[in-house]
Structures are given as C-alpha cells and as structure tokens.
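Q: In case you want the letters, here they are:
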Amino acid sequence: MMAEFAWLAETLMQRTIQMFILIVLPPMFIGIIVKLKAVAAGRKGPPIWQPYLDLARLSRKGVVYSTATGQVFRWAPLLVVASSITAGLIVPMAGFTAPIHFSGDLIVFAYVLALGRLAIILASLDTGSAFEGMGASREASFAALAEPTMFLILVSLGLLGHADPHKFGVEWSLTGTLAQMEMITWAHYGPALLPLSFALFVLILLENSRVPFDDPTTHLELTMIHEVMILDHSGPDLALMEYGAAVKLLVFQSLLGRIIFPHHFESQWADVVTFVIKIGVLSVCVTAVEVGMARLKMNRIPGILLGAFILAALSVVVMLVEMGEFRGLPS
Amino acid sequence: MIDPFKIFRNAEPLRLSDIPKVTVDVLRARTFDAIQGGARLVSWFGQDLPGRNLVRIFAIVADDPGQRLGVLIAEVPPGSAYRSLALDVPAADRAERELFEQCGIRPEGHPWLKPVRHPVPAAKLEPGRKLGTVPENNIGRDYPFWSLAGDAVHEVGVGPIHAGVIGPGYFRFSCVGERIEHLEIMLGFEHRGAEEMVLNANPARQPVLIESIAGDAAVAYAIAHSQAMESLHGIEVSLHDEALRAFALENERLAYHVGDLGALAGDVAYWPSAAYFGRLRGEFLNTAMDLGGNRQGRYFVRPGGVRRSLAHATKVRLIERFRSASQQISDCLEQMFSSLSVLSRFESSACVRREDALAFGFVGPVARASGVGVDVRIDHPVGFWQRHDAEIALGVEGSVLDRATIRRREIERSLALCLRILESLTDERSAPVRPDFGTSPKRGDFCVSLVESWRGQVMLAYVYDDQGKLVRFKSQDPSFQNWNAMQLANRGNAISDFPVCNKSCNLAYNGHDL
Chain E
3 MMAEFAWLAE TLMQRTIQMF ILIVLPPMFI GIIVKLKAVA AGRKGPPIWQ PYLDLARLSR
63 KGVVYSTATG QVFRWAPLLV VASSITAGLI VPMAGFTAPI HFSGDLIVFA YVLALGRLAI
123 ILASLDTGSA FEGMGASREA SFAALAEPTM FLILVSLGLL GHADPHKFGV EWSLTGTLAQ
183 MEMITWAHYG PALLPLSFAL FVLILLENSR VPFDDPTTHL ELTMIHEVMI LDHSGPDLAL
243 MEYGAAVKLL VFQSLLGRII FPHHFESQWA DVVTFVIKIG VLSVCVTAVE VGMARLKMNR
303 IPGILLGAFI LAALSVVVML VEMGEFRGLP S
Chain C
2 MIDPFKIFRN AEPLRLSDIP KVTVDVLRAR TFDAIQGGAR LVSWFGQDLP GRNLVRIFAI
62 VADDPGQRLG VLIAEVPPGS AYRSLALDVP AADRAERELF EQCGIRPEGH PWLKPVRHPV
122 PAAKLEPGRK LGTVPENNIG RDYPFWSLAG DAVHEVGVGP IHAGVIGPGY FRFSCVGERI
182 EHLEIMLGFE HRGAEEMVLN ANPARQPVLI ESIAGDAAVA YAIAHSQAME SLHGIEVSLH
242 DEALRAFALE NERLAYHVGD LGALAGDVAY WPSAAYFGRL RGEFLNTAMD LGGNRQGRYF
302 VRPGGVRRSL AHATKVRLIE RFRSASQQIS DCLEQMFSSL SVLSRFESSA CVRREDALAF
362 GFVGPVARAS GVGVDVRIDH PVGFWQRHDA EIALGVEGSV LDRATIRRRE IERSLALCLR
422 ILESLTDERS APVRPDFGTS PKRGDFCVSL VESWRGQVML AYVYDDQGKL VRFKSQDPSF
482 QNWNAMQLAN RGNAISDFPV CNKSCNLAYN GHDL
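Protein chains in written order, with the working numbering: chain E, 3 to 333; chain C, 2 to 515.
For the record, the hints were derived by calculation from the structure and aren't laboratory data.
Glycine included, C-beta positions come from ideal geometry on N, C-alpha and C.
Any given hint might turn out to be false.
Claimed, not checked - Which bits of chain E does chain C cover? Going by a derived footprint, with three or more residues having C-beta under 8 Å, they are:
no.	segment
1	38-50
2	121-135
3	214-220
4	223-229
5	288-302
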C-alpha cells in the first residue's frame, strides 16, 4: 500500500514537473536565444525573461479583427497552442515516460503538430491578404517537403523501440523508444542515431522558423514565412501564437536533447537540471547557426531539405542493418 | 557629339542669351543625336515664362570623357506637344513625365505617361501659385497600374507606408509564384514643392531648404548649391575650405555606405555584420557632428566656404578616429565578404544589365555596379577634385553583390582619402565667409552644378530673370533616374529577394519627390 502510494506521489511529482517545464519554460529559451544572439553581435540584448513580459503586454491588449476574417481566424491561436502542448505531452521531457504514451503515438505526435500548422495556414488565408497568402504558400510547400524527413526520423526511432517492445508494452511510441535508450545505445546504434540527430536538427530550424530558413526578427514582410502568417493577429491572439511557437521549439528541442543525451538520473531534480542544460546547449547550437550564417535564398531551401531527407533515410537503413533485420535475407 | 550644344563645365556661370535657342523638334533631334553619339542625358526640364506666355525647355547632356556639359533650349507655347524623346532615349522617361506634369508640355507617344508626383496641396503653396498643371494626376487614387492577367498571376502591394517608416512609396508586384514578373513603383507622396520653396526663400535660407531636399545627402546638396552660388557671384573658396568640403562629402559617403552594408547584412539575417556596421556608421555621423554640429552634416557647407574650421585638437581626434575605424572596417568587410552564405544571397540576384544602365542613364553606385563608369568627381571635377584623383570601382553583372562590392571599394578609398585630407590640413583658421548673395548674380544668369553624392549625381540648376531674381530652380536627385533601375532589376527576381535589392540601391523618396 505504502509502496503504491509512494509510486503515485512520485508519478504525480514527475508529471507536475513535466507540465511546469512544458507550460512555463518555453518563453525563457526563446529569451536565451535572443540574448545569445545579441551578445554574439556585440550588443547587450534584452533580459532573458523579456518574452514573458512581451506575452503579458500582449495579453493585456485588445484584439482587432479584420472584417475579412471569420471563425477560422479566431480559433487558430487556440489550436496552435493546443497542438504544441499536446505534442509536448507525448515527448518524455525530464523523467522516464511522457504523460501520454500509447502504441503508435509517434504518428499522433507528427499529425498533432501538423494540425497546428494547418490552423495557422488557414487563419492566414482567412485574412485575404496577399502577404499572408504568400506566407501560407511558403509554409505549406516547405512543410510538404519536410514531412517525409520527419516520418523517416520517427520510423527510425520506432525501429529502435521495436528492439525491446515489451518494456512498456507500447510499440511505435516515443516513450517506448526514448525510455529504453541509455548512453550505451549510442555505442550500438550510433551510426544510425548520428544522421538522425542531424536531420532532426535541420527540422528544428525549419519547423521553428529559424535562420537559415526563416528569420524570426525580420521586419521585411516579403521575406517572411512564419511571421507574415501572424501579421494580422493582435493582442492575446498574437500572444497565443508566439507562445505556441515557443512551446513547439521546446518540444522539438527536448526530443533531440533526449536522443543525444538519453541518460536519466535516479533523482528527479538531477533529471530536471540535465534537461534544462540540454535545452540550453541546443539553444546555443540554434544561435550559433543564426549568428554564423545568412538566410538561404528561398529556392535553395528544398536542396537543404533533400539533404536532411537523405540523412534520415540513411538512419533508417543503418538502423535496420544494425538491428539484424536483414540477417534472414539471402546475401 | 554635343557640339551643337552650348558647351560648358560643371558649375560654370552662363548667360541665357549665349545658349542657342532652337525649335522643340530640333531640340529633340539634337539631344537624340548626342545620346546616339555616346553622350549622357543629364536633365530635361521646363520653365514657365508667364510674362511671355511660353514654356522654355532645357536639354542638358554630358560628354563624360571630355569633361564637358552641353545645354540647348527651346521655347514653346503652353499646352503644346512634341514627339516624345523617351521613345528613342529611355533615359528621358521620367523627365518627360515631369515636364508634362510641371509645365503641361505633352510628349506625344510617350510609352508610360503616368504622373510622377502627388500634387502639392494648395494650402501649402504661396497664394496664387499652383504646382502640377496636369489635371489627370491620379497618384494614390486610380493610378493605372500595369497589370498581368492569368490565373497564375498574383499581385502583392506594399506601401505606401514603409515597413521601416523611412519614406513613402507604393510597390506593386505582379508575380507568378515566388517570381516577380513586373514591379511598378508609384512615388510622389512626399511632394513638398521644394523647388518652389527655394525660389521664394531668402538667399540665407536657401541652403537650409536645399539640404533638406534629400536629408541623407545634405552635404552633397549643400556643396552643389554653394559651388553654383560661388561661380555665379564670382567668389573664390580657399583651398582649406575646399578640402574640408571634400572631407565632409567623403565622410557622408562613408556613413551611408557603411550603414548600407550593415542593412544589407541585416536583410539576409547575417547579424554580426549588421551590428558592427551599424555601430561603425556612428563614427562618421559623429564626425559630421564635429564638423558642423549636426549628425546629418547640415549647416556645415555654405556658399563662400564652410561655417567652421577644425580646431587642432579636433583634427587630431578625427585622425585617431579614422585610423581606428579603418582597421575595424577592414576586419568587418573581410568577415562579411568571406561569408559564403552572404555571398550566395548577393551573387547574381537582381541584376541591372549594362545596356539598361546606359540606356536609362543610371548614375552613382547603381551604374558603376553594372560597369558604367560615371562619377562626377572624375568626369566633371570642381574645386578639390580638380587637383585630386578619385579612383573608380566598377562591377561586372550589376548584381546585389556588385553593388555591395562597389560600396566596399568606395569605403576603402574614401577612408584613405579622408585620412590624407586630415593629415595635410593646415591649421589656418579661415574666417567664415559671409558674402551677400542677396544681390543679383554678376557672372551669369544660368548655372548647372553637379556633385557626386554617395547615391550618385546630384544636379541643381538655377535660372535667373533680367532683374537677377531666381525664377527657376531645378533639383534632380540621383534617385530620379535610378528608381527605374529597381523596376528593371526585379524582373525575374525572387520576391523574397526584393528587400536586398532595394537596400542595395537605397534610393531616396524625398529626393525624388521634391
């Protein structure tokens, strides 16, 4: 009885921490990137909690709706935040398991994120603005090009989880895969995990509108992808959009962080500290790319995405070979 | 090639009675012949002669290699028409539209006879005056945009309020997908009636007005005005003051070229260069502050000389500042121009072909990037430039990269030149000259003054009447010609590369709109 109670308390604690990380921390990591970028360019930069102040400021404002817009435009911000958070619940952040895990949650993860994207694209088309239409078209094109890569990455992870499917009783699940990963997994599956990590990093930059694919700080509507789609959102709606984007970045980063450094500690708190350090390091990597290079010409983006696709495909092939799936085939 | 014209040099005083007067058809033919023969159309503008119920048309051409300018005039009745020069000489496009708008002379068959500027609200003008005689001015209302038809075409309109709130202009893109098929730029929102204001201002106030025609080229405009006044009134400027003016001009070039490179880097999200160049630009704005007490370089150059000479201590400080800036700038240039991702954005994008640059008479860095070597400092030197050589930098394909590289070279050369001027500057403290320009000019009643601003050739022309009163003031910013370059460069360009192209030309709204 006591043991069960302790287990319950521990799980409750873990879930609380996970929710705290997922809901409260995302803007801070955006703040860290902004700060690092400023410092790298020799400027002082805003404090790292500035995104919280911005969100607070926006939430206090009123909303302006264009007469051209309908219900889609009003619901989109909520959908964007909901999809980011739901996807976040499927990824095991600090701790062993994710709050939501079941067989096949890999697919749900990918499509819940796609739902958020669909909402933002529809909302931007709803405004009828030429700018936003352009942004929507870009977002949709690049998303379509990135989707196969995302899938191969998930397939590769799913295969890894498949190696020992009964540990959690779930297959093709992020939790099933990541929970059983240890540092030693890299020794076995390193050749598959390395290209996978690179491909995932490219996707992080693309999915979260970072340089070299997009520029979150630009004021030039003609060059924007993500920013132009939320041009017409104002006040709390804009705050939700910004917040949703921040959560999405954290979700992607925690996925990659978990793959690169899968070790989990006995202590909850050690786990949380490691998690924050991992996300911090990945934020530094994102900043390093932003500081070190200019944006790509838009017609070069498909080329880079093709590269990421090849890496992801390589990862799947290597994973299959390493798991001995091919052993039965005649040579 | 310009022999039928009255030949003169930059800022040389002329008498209107010495300028050959021909019929408008001959004026057109002579100008066409001159351009065919390799001359460059500098300006084509009109002057109302209300007393005689005539409109006088000036054609000004330049023989750049020969360092000569030519002028010819024709007088026609108001409301008359002639065969458009732009049909054969694209460089006359905007000038003829302006002539139509200002004086009502119709260029028959002009391929693009659209308004140039928004009419000035009557309330802003002197009672009884009007600007723009054309009734069908429809800027900002139902302007006849060139439009492309078809399901695949989509149009994007930007402006007239600029995203960076730098100046008003409306840009209509007709695109197929991400590709710009056609860009049309509607300007003229900032028309303040500057030319008229100068006519009515007292001579002491004229430089203040002229400096604010394009406030970011204040020194260039002030020098253009000063050298015209000095030559018309026969006033000598000391070598010391000429050197200081040249220093101020090059300093202005440095400030804006350095700023532009930073802005270009910012547009492609290359933040290190954006931040460093942004800061370094401040060094030159501060230098302008040290010279004349204004960061934009205003109130320093005045007819007769400069308003303040440099104290010895300031000079030493400036030398120190320029030495350290040279070092930092050379590092930053190296960083920016060795970054492959930046180069790949700039290379081959938004090209202005050499033929177009020649045909449309583009000037300044935009022309030089396309391999057209026009530079007033070399072609039509006045004062300091008669004794010092400026080196010209030329591009090849006229791309954004070429325009950026031209700026890089000009920055390097201007830095060296500024240091040379500072080091050779004597400590003589010339008393500020305050000649009286209220009287009528002694040496002539017509003067054309050219200066190479950082953006290109600034032209100011002055016409006086028999009583010695200024009756026509014409100001032509380099942007007046170069806005067409933007329209051409963007055809076939990706719309997401438009901001980079725009920044690489960095044209003026106010200078164009007057």
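Q: Now tell me if each hint is right for this structure.
A: Hint by hint, here is what the structure shows:
Counting residues of the segment 38-50 of chain E whose beta-carbon sits less than 8 Å from any beta-carbon of chain C gives 5, enough to reach three: the coverage restraint holds. Counting residues of the segment 121-135 of chain E whose beta carbon lies closer than 8 Å to any beta carbon of chain C gives 3, which meets the minimum of three for the stated coverage. Three residues within the 8 Å Cβ limit are the bar, and the segment 214-220 of chain E against chain C gives 4, so the coverage statement holds. Only residues whose C-beta sits within less than 8 Å of a C-beta in chain C count toward coverage, and the segment 223-229 of chain E has 3 of them, enough to reach three; the restraint holds.
With 10 residues having a Cβ less than 8 Å from any Cβ of chain C, the segment 288-302 of chain E passes the three-residue criterion, so the hint holds.
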